[in-house]
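One letter stands for each residue in the lines below.
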Amino acid sequence: MDLITPDLGLVFWTGLNFIILMFILTKFIWKPIMSAVNKREDNIQEALDMAKNTKAEMEKLQTQNANLLKEARIERDEMIKEAKATSDNMINSAKGKAKEEADKIVENARTSIEAEKNAAVSELKNQVATVALEIAEKILREDLSSDEKQKQLAETFAKDINLN
Amino acid sequence: MLDKTLKAFVWMVVLLLSAPVFSGSSSDGEPVDVTEMIMHHIKDAHEWHVLTYTDDNDGKQHVSIHLPIILLDDGLKVFSSEKLYHSGEVVEVTVHGKKDHYYANKELGYAVFHETIYKLNQEGALDFDEEGHATNAKPYDFSITKNVFALFFSSILLIVLMTAVVKSYKNDGMHPPRGLARFVEPVVVFIRDDIAKANIGEAKYRKYMPYLLSAFFFIWINNLLGLIPIFPGGANLTGNISFTFALAACTMLITVFSGNKHYWKHIFATPGVPWLLLPIMIPVELVGIFAKPFALMVRLFANITAGHIIILALTGIIFTFGSAAWSGLSIPMSLFIGVLELLVAFLQAFIFTMLSALFIGEAVAEEH
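Heads up: the sequence lines are chains R and G, in that order. For the first sequence, this note's numbering gives the first residue as 1, with consecutive numbering after it. For the second sequence, this note's numbering gives the first residue as 1, with consecutive numbering after it.
Looking at chain R on its own, in the form it has when it is part of the complex (with noise of 0.2 Å):
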């Protein structure tokens, strides 16, 4: 019976140490330890979270550097075409220019053919006029001396003038 019967020496005994053997423990031990878990626990997970937002920022880093790559490649394609485009312009823009000024050209010339073929044609008659008018002196101081042959001679002369 005495096995299962409380000692009162024993319980107050365990009670008194073991209030103390807690207030100790919990002053010099517990919460070193504790604080220390808990620190070391909140530093990992601290670490982790690290890790996980640098990677999502990689990523977002990533998928810009992406887009300003795709973005970069778009704007030079527009750019060559825009250049391909002003470069076509230019050649015939130029080429325009150049077909009116040969146009220029060779109406110039055309037309200062056209007056140097007037000149000459004119220059031509005056000579011819002269030749003629030389060959007619000479002719008419050789043949008309008849009347007859200055009649037919006149009549030569008007075919021939009409002929002209």
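It is possible that some hints are incorrect.
Stated by the list, open to error - Think about it this way: if two alpha-carbon atoms lie no more than 27 Å apart in a straight line, the pair counts; the simulated DSS-like pairs of lysine-lysine are:
| hint | chain 1 | residue 1 | chain 2 | residue 2 |
| --- | --- | --- | --- | --- |
| 1 | G | Lys207 | R | Lys27 |
| 2 | R | Lys27 | G | Lys197 |
| 3 | G | Lys204 | R | Lys27 |
| 4 | R | Lys39 | G | Lys207 |
| 5 | G | Lys204 | R | Lys39 |
| 6 | G | Lys167 | R | Lys27 |
| 7 | R | Lys27 | G | Lys170 |
| 8 | G | Lys170 | R | Lys39 |
| 9 | R | Lys31 | G | Lys197 |
| 10 | R | Lys39 | G | Lys167 |
| 11 | R | Lys70 | R | Lys84 |
| 12 | G | Lys170 | R | Lys31 |
| 13 | R | Lys31 | G | Lys207 |
| 14 | G | Lys204 | R | Lys31 |
| 15 | R | Lys39 | G | Lys197 |
| 16 | R | Lys31 | G | Lys167 |
Hints were generated in silico from the structure; no laboratory data involved.
Given chain R, put chain G in place with the hints provided.
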């Protein structure tokens, strides 16, 4: 490396567990009262009997540690237990038809019978009733008994070990635990996560951590020390009802004083119970307040005491049959139970802490 450690550990266990065989041996021809031996071991004592040997003159020599006796009886009286056991006289009596004896010291006026201290009567003797109980008055006994000594020893040992553990955290606490801390930290984290947080809840567990940790390690170290057969281990402290009573009382007080209004409402006006039934329910719930720690008290006491009894009984087989050949059976079996008890030592400490946390958790739980 691990193999070596394991081997050393197994040999240590074997050596430790074979020690009761040596300490329990007696001189030839004298029968050993195994029941008496077991009961003597599991009960508290006022002196610590370490061993008995036979000297050259075939006389029995006892090696005991005399512990101080502190009595509260018209003032404080302190004297060594040697004055009762050895300086006094051994009085042979026949009580209840059975031969027995008690130790009396007439100068002091006290006698010790079955480890209980009585005041001597006018004639300097003890009176016995028909059932064989002494009827003399008993002083209040606050002696440093075997168990109280074990209590102090384990507390100091625990503080020393934990001081070694806490050194690992002194620098910055960031590096992984070293040395003993590698062993203690997982246990601390286990108590925090799987006992305190799981049962009390994330919001309120912090306040109860010191109690749970202290109770767990204190019970565990005492369970383990109880398994060591020789001084300073071997006291059946955690298998003593007084010890478990004191700890269970702590759990009960913490539970009752932590109880919030939902807890008390549940006791005095259980939700969903018709008010006519309340006169029945309230006493039932009030009994429940005491029944829970009572179960804690009995569980720890019974488990540890049973373990001690089984190991001693298995060892006692050798002496009951009086043949060393029985050790072939008894030693492997007590070794097996001994190793099992190592597990039980942890398990019972865990269960006590777990149930304490559960009861506290019920008391502080918010209404769902």
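So if I understand the rule, the pair passes when the alpha-carbon distance is 27 Å or less; does Lys31(R) with Lys197(G) pass? Satisfied, since the Cα-Cα distance of roughly 17 Å is no more than 27 Å.
Taking 27 Å as the top limit, are the C-alpha atoms of Lys39(R) and Lys207(G) close enough? holds (18 Å)
| message | Holds or violated: Lys31(R) and Lys207(G), Cα atoms, limit 27 Å. | response | holds (11 Å)
* Pairwise hint evaluation, Lys31(R) against Lys204(G), where the allowed Cα distance is 27 Å at most -> holds (16 Å)
Requested in this report: Assess, step by step, whether the Cα of Lys39(R) is no farther than 27 Å from the Cα of Lys167(G), and give holds or violated.
Outcome: Answer holds: Lys39(R) to Lys167(G) is near 16 Å, not above 27 Å.
**Request:** Measure nothing beyond the straight line between the CA atoms of Lys207(G) and Lys27(R); if it is 27 Å or shorter, mark the hint as holding.
**Result:** holds (13 Å)
(Q) Tell me if the straight-line CA distance from Lys39(R) to Lys197(G) falls inside 27 Å. (A) Holds - the C-alpha atoms of Lys197(G) and Lys39(R) are around 17 Å apart, at most 27 Å.
So if I understand the rule, the pair passes when the alpha-carbon distance is 27 Å or less; does Lys170(G) with Lys31(R) pass? holds (12 Å)
Exercise. Is the hinted pair Lys167(G) and Lys27(R) satisfied, with a Cα-Cα distance of at most 27 Å?
Worked result: Holds: Lys167(G) and Lys27(R) sit about 14 Å apart, inside 27 Å.
Check: Does the structure keep Lys170(G) and Lys39(R) at a Cα separation of 27 Å or less?
Finding: This hinted pair holds, its Cα atoms lying about 13 Å apart.
Original post:
Is the straight-line distance between the alpha-carbon of Lys27(R) and that of Lys170(G) 27 Å or less?
Top reply: The hint holds at about 14 Å.
*Is it true that the CA of Lys204(G) sits at most 27 Å from the CA of Lys39(R)?*
holds (19 Å)
When held up to the earlier numbered hints, the structure conflicts with none and fits them all.
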